[in-house]
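Visitor: Spelled out, the chains give:
2 protein chains.
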Amino acid sequence: MAKAKTSRSPAPAQSEPYVVIIAGGKGERFWPQSRAARPKHLLPVVGDEPLLAQTLRRVKAVVPAKNTFVITSAVQAREVAKVCRGLIPSANVVAEPAGRDTAAAVGLAAALVGARDPHGVFAVLPADHVIHDTKAYQADLRAAFAAAGAAEVMVTIGIPPTEPATGFGYVQRGGEWGRVGEGKAAKVVYEVKRFVEKPKLEVAQQYLKSGDYMWNAGMFIWSVPVVEAAFAAHAPELDAGLAKIRSALKKKRPLAATLAKVYPTLQKISVDYALLEKSTNVVTIPATFDWDDVGAWPAVAKHFTPDAAGNVARGDVLVEQAANNIVFSEKGHVVTLLGVDDLVVVHTADATLVMPKAKAQDIKALLAKVAGHKRAAKLL
Amino acid sequence: MAKAKTSRSPAPAQSEPYVVIIAGGKGERFWPQSRAARPKHLLPVVGDEPLLAQTLRRVKAVVPAKNTFVITSAVQAREVAKVCRGLIPSANVVAEPAGRDTAAAVGLAAALVGARDPHGVFAVLPADHVIHDTKAYQADLRAAFAAAGAAEVMVTIGIPPTEPATGFGYVQRGGEWGRVGEGKAAKVVYEVKRFVEKPKLEVAQQYLKSGDYMWNAGMFIWSVPVVEAAFAAHAPELDAGLAKIRSALKKKRPLAATLAKVYPTLQKISVDYALLEKSTNVVTIPATFDWDDVGAWPAVAKHFTPDAAGNVARGDVLVEQAANNIVFSEKGHVVTLLGVDDLVVVHTADATLVMPKAKAQDIKALLAKVAGHKRAAKLL
Chain A
1 MAKAKTSRSP
11 APAQSEPYVV
21 IIAGGKGERF
31 WPQSRAARPK
41 HLLPVVGDEP
51 LLAQTLRRVK
61 AVVPAKNTFV
71 ITSAVQAREV
81 AKVCRGLIPS
91 ANVVAEPAGR
101 DTAAAVGLAA
111 ALVGARDPHG
121 VFAVLPADHV
131 IHDTKAYQAD
141 LRAAFAAAGA
151 AEVMVTIGIP
161 PTEPATGFGY
171 VQRGGEWGRV
181 GEGKAAKVVY
191 EVKRFVEKPK
201 LEVAQQYLKS
211 GDYMWNAGMF
221 IWSVPVVEAA
231 FAAHAPELDA
241 GLAKIRSALK
251 KKRPLAATLA
261 KVYPTLQKIS
271 VDYALLEKST
281 NVVTIPATFD
291 WDDVGAWPAV
301 AKHFTPDAAG
311 NVARGDVLVE
321 QAANNIVFSE
331 KGHVVTLLGV
341 DDLVVVHTAD
351 ATLVMPKAKA
361 QDIKALLAKV
371 AGHKRAAKLL
Chain B
1 MAKAKTSRSP
11 APAQSEPYVV
21 IIAGGKGERF
31 WPQSRAARPK
41 HLLPVVGDEP
51 LLAQTLRRVK
61 AVVPAKNTFV
71 ITSAVQAREV
81 AKVCRGLIPS
91 ANVVAEPAGR
101 DTAAAVGLAA
111 ALVGARDPHG
121 VFAVLPADHV
131 IHDTKAYQAD
141 LRAAFAAAGA
151 AEVMVTIGIP
161 PTEPATGFGY
171 VQRGGEWGRV
181 GEGKAAKVVY
191 EVKRFVEKPK
201 LEVAQQYLKS
211 GDYMWNAGMF
221 IWSVPVVEAA
231 FAAHAPELDA
241 GLAKIRSALK
251 KKRPLAATLA
261 KVYPTLQKIS
271 VDYALLEKST
281 NVVTIPATFD
291 WDDVGAWPAV
301 AKHFTPDAAG
311 NVARGDVLVE
321 QAANNIVFSE
331 KGHVVTLLGV
341 DDLVVVHTAD
351 ATLVMPKAKA
361 QDIKALLAKV
371 AGHKRAAKLL
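Taken in order, these protein sequences are the chains called A and B. At position 16 of the first sequence (counting the first as 1) the number is 16 in the working numbering, and the numbers step up by one without a gap. At position 147 of the second sequence (counting the first as 1) the number is 147 in the working numbering, and the numbers step up by one without a gap.
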């Protein structure tokens, strides 16, 4: 990726920002609490509300509720609508008739915002991250809106790494691109040299050491024209399909019918690969907030206060001679552990999981077995 | 104990045998399936019926249903009556108002049988043993009835040990006392030298090697006069209390009211200690049937066919990369194990237990914790 080439023609001063929350996910890694129709963002994995609701509450000081959209999948639409009730207008929840990866979702997001404001600036944010420092998050988001509103750039919020993670893509930052905000609130925006896919451990260790690399958390802030131009330039095939959605929205045709027809035909490709890796106008703001994507059960532990033996529990849990376990139980059921260490034990009304923390990555192998069960449709 | 001194005045030829099943137990070792009100004998720990029902079916070819009594505790009485329904008359289920150990229960048993037949021969048998070879069991029981009907002896069925168990008392046999039965069905009856309490491992190993010792399984066969004489001789205090029960039964007074008044005052002592260790007329028949008291969860495994990885499961259970586990799940709930070995996992509607097999003996420590739970009354 070359040096960011940008012009700085600001968007109209009064325009309000938009946000599109991408609420997808397969619901595998938090099984049996998560299911296909109830993945991580619909669960209170951490906190008292589903992560999606927490995300909506976190952005609402920055973006008006009427400008907040949620894109989800058909199978999750009902539950997502329930969580969104009272937080955003129900018409702002849009269901993809089929999963077509993130580029299509971003194209749909741009179409939704563009139908309201052809010059609109919007953020695309994941629904299922855990962020405790809401004030810092909102400040970073405001800075990103300011940058994306001031110039034809794609802004990504990069997460400064705290460990050599191999499960995330990375963003390599370049020199200073500019500054947004005034005085103490001023933030440096950096050029992006390149996006890199999930690295091997040794490479991740170098990234961590260098200080130039940040985790790509899938948080992008940009304007409708910038995104449309990127689709036209780097993903023309996909853009042709998206044009039909934009046209239907302009003509106020029913969206669901258009999506049912067009969406399944869209190219299946990630937005990183389709647009960001190929664009030269990408900039980044290093996040000043805490961030965790809580990738699987063991990651939950650090958000809870453990007992003296290091056990983390939610619900009715009794342990004896047991250490460093993670135990979740549903209401009205007591889970008891005697003499076991380092396990994950999760009880729900119809299924219980027992595994060592170290085996959390192998849960797909177990779910393949569950898929053969006579009640698989309900269990998965 | 000296050589058995016995006279051989047989009981009347037509008298039918009686049996009194002792269905007590605390319901701790099979928690959470077992509870105070639902101990092991009320569970289908092995097989498809509660162990009590299996015991009743096993004896019914030897003893008529009308002559079969069950003594249980007040807290278990309702469930016991349910299991006995259709198998024995409901009036034959008698509840102890308070647990007073086995000597009092045997005294009550003798009173119940004596009210029907003052010379009656009866067996006292535990309700919660697992025995697969019913024919051999019935043959041994018939031999014991024959011996107890032919002479003033206390017959115990001894279990030839298969390992140096430290959890059972032992019976040391002496020389041949006599024979019962004809031809191929003839069985040797041995004198009993002494009863010994649960030994240390080294002692148990000597017992196993000697061939003279058998496990005391709490199976006794004797006549009403023999038992009454033993109480009078060796436990006069207890006998005085039991006399009130015998008298009430003779006068056809309501048994429950008498028990409520008298039973809690009875001396709390085991029948082994109160009678058998002090009697000189004890003989034994070595069991020719298989026998298991299934003392705790790990003992269950050998009664099931394991999968290729050595897992034993009942109910909806799915395992992946898991070996040598024992997993029980209740209907409509699937228990899944990923990457764990040698665990016991038991799921019931309101409680789940996860422990290594090796920790099964420590379950009391866990139950002490459960006792502090707000729903302890239901959970225990």
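FYI, nobody ran anything at the bench for these hints, they're computed from the structure. Check the hints yourself; a few may be wrong.
The list makes no distinction among identical chains, and a pair is therefore deemed to hold if it is satisfied within one copy or across any two copies.
As the list claims (entries may be wrong) - Taking lysine to aspartate or glutamate pairs in the EDC-like style, the calculated list, with each CA pair at most 20 Å apart, reads:
{"id": "1", "residue 1": "K364", "residue 2": "D341"}
{"id": "2", "residue 1": "K374", "residue 2": "E330"}
{"id": "3", "residue 1": "K135", "residue 2": "E277"}
{"id": "4", "residue 1": "K268", "residue 2": "D290"}
{"id": "5", "residue 1": "K60", "residue 2": "E49"}
{"id": "6", "residue 1": "K369", "residue 2": "E330"}
{"id": "7", "residue 1": "K369", "residue 2": "D307"}
{"id": "8", "residue 1": "K184", "residue 2": "D133"}
{"id": "9", "residue 1": "K369", "residue 2": "D341"}
Visitor: Need the list of violated hint numbers for this structure, in ascending order.
Guide: Violated hints: 3 and 4; rest satisfied.
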